[in-house]
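Residue numbers (this note's numbering), protein chains in the order written: chain H, 44 to 333; chain F, 38 to 384.
Distance condition first, Cα-Cα at most 20 Å in a straight line; then the derived EDC-like pairs of lysine to aspartate or glutamate: (1) F/384 <-> H/217; (2) F/243 <-> F/356; (3) F/384 <-> H/219.
Which residues of chain F face chain H? A few of them, derived with a C-beta cut under 7 Å, are: (4) 109; (5) 111; (6) 344; (7) 348; (8) 382.
Keep in mind the hints are simulated off the structure, nothing from the lab.
What you are looking at is a predicted structure, and each value in this text was computed from that prediction instead of being measured.
By construction, the Cβ of each residue, glycine as well, lies at the ideal position given by its N, Cα and C atoms.
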Amino acid sequence: MSLALQIIFDALLLGGLYAIGALGFALVWGVLNVLNLTYAAFIMMGAYATYWLWRIGFDPVAAIPVVMLLMFGVGWLMQRGLLNYVARGPGSLPIALTYGVNLVIVGAALYYFTAEYRSIALPDYLRGSLEIGGAQLTNARVVTMVIALTLTAAVWWFMDRTETGIAIRATRMDMESAQLVGIRPRFIFNITGGISAALAGAMGALMAVIYSVSPQMGDHHLLQVLIVCVLGGLGSMLGPLVGALTLGLVSSIVANLWGATYAMLAGTVMVLLVLAVRPAGLLGRQFYES
Amino acid sequence: MKLETTASGGGLLRWQRRLGGGPWVAAWAVPLALMLFLLPEVTGAYGIRVAGTIMMYIALAQAWNLIGGYVGLMSLAHSAFFGLGAIGMTIFLINGVPLLLAGLGGVALAVSAALVVGLPTLRLQGHYFVIATLIINEALVNGFLNFSAFGFHGAISQNIIAEVGLMELDGAAYNRVFFYAMAVLAGVAMLIVMLFERSRWGLALKAIRDAEPAAAAIGISVAGVKLGIFVVSAALAATAGAVWAAWLGTVDTTSAFDITLTFEIIVMVFLGGRGTTWGPIIGVLIVFSLNEMIGVEFAELSTIISGLIVVVVVLLQPDGLIELFRQGPRALSLRVISANLRRYQVK
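Chain H extracted, bound-state conformation (with noise of 0.2 Å):
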């Protein structure tokens, strides 16, 4: 009984991390059709930045919007300033382009950072647990789902709600109408490379908080974020979400019955079935794949 509460508790703690990033990732790959493999280093910056804020004296919590808005503020750049350039050609061209960035951004970070592992140490109201039916909850955890729970539907209200985010929307619909109807589709993709961004930092900032930071960690996430992205599907807010559970709950399983080692394997397997059974995602829609 407690077990399988523990791998309930690690599976939601897993999927709201990794929910926040699927969403960020699936709003640029929504809107541009570009697979931004940049999204590694932004959220290794992310839990860098945490690192570093934290090093000065900020709470680590308190320190997510700051490293929110500084994030918001390289993704807006890179997205100006590179992958515009890019983003109308074949699609080799900006995958290749986004994974140079990523390796110039890992590379830096190593020669500045090394490949030491740091990590936080935690404010006492993050320290505490929760014992719930024999099972442990630490506070961090807690504390990190209640983020990914608000941050998940501020982006829903974003993109639902304020006029910006039904431009975005549109945009991802049928960009030639979306001009038509006077949206200027640069400042779109701005705002959407800035905003995919910031949740790859706030990410990176959870990530800080409950794991360590190292200049690779982001590689690593990555992957995870993919096979959210496409257990999840595409087309929809909730989507994100629930593949991020699906995996969570795989991955918690098959590490608590067989080691973590075999999670990724795990993983791996269900994105090969999903594609092959239900290639839209587990409960999505099709946007642009017609």
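Chain H is fixed; fit chain F onto it per the hints.
Quick look at chain F alone, frame taken from chain H:
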């Protein structure tokens, strides 16, 4: 799609036409082969190892060029195919299978992996293929690191020098054998690319690239063509992996499945010119000269430099440095570069 070739003219003539026309092929191909054959006579022990590695990278770059350059599908699984060739052969070898059959077994493993990845994803639009190739590599590394059966243990490195069975050769002769093996492999890869460009596959591919719906409408099986090319590409990469493992004599999982290999060959192909016959060779030679200059002790620095190369090439010279041979120095003029930069820009 049927891929039979019409027999026209003498066999030799037809082959010559396919390889770039006329008797001129012999004029460069024969001296080139002779030079490669005699190369070990002039280079030292270190030189011949470098030359063999260059040949391996030419084979790998051409393998990737088939799917990544000509088809335009970013496969991130080529390190996985390379690793499957190496590890698969090792597993067969230590169970008593003879060398050549063991190598074939490794290639067969890679081909089945390519089918597993390609079958569900290549019929889909969008980026699912790229994602599947990226995660299959990670899954295979993790899988093989924990794999412990048939006398193979993924967590430790495996010595196969006795099983390869060339122990009576001295060091120079040993390297020479594998230089020739890699050179033959590179030659085969080049030949495949050249024949492919002039075959019905190449024509079908051009049709798909120019107008996929139209190509499908005239009866080209789009997914089938893509899958076929992907499998050939995977088999080539796996063969390179098997030869590499036999050459090295010791195999361990992490270095066989090292994903940096994939990105190295992508950098090479993009730098030289993707979807061209000679571009990848230019890319391989430039990257190797750069590595010799930088040295291996600055690993982070070479990561940063390969990243920068890709960024600059994609933005300013998306067709690769082969344009220098096509257009002459004009390819580097400010006008051409700024036109390249604005070519795919969002308006």
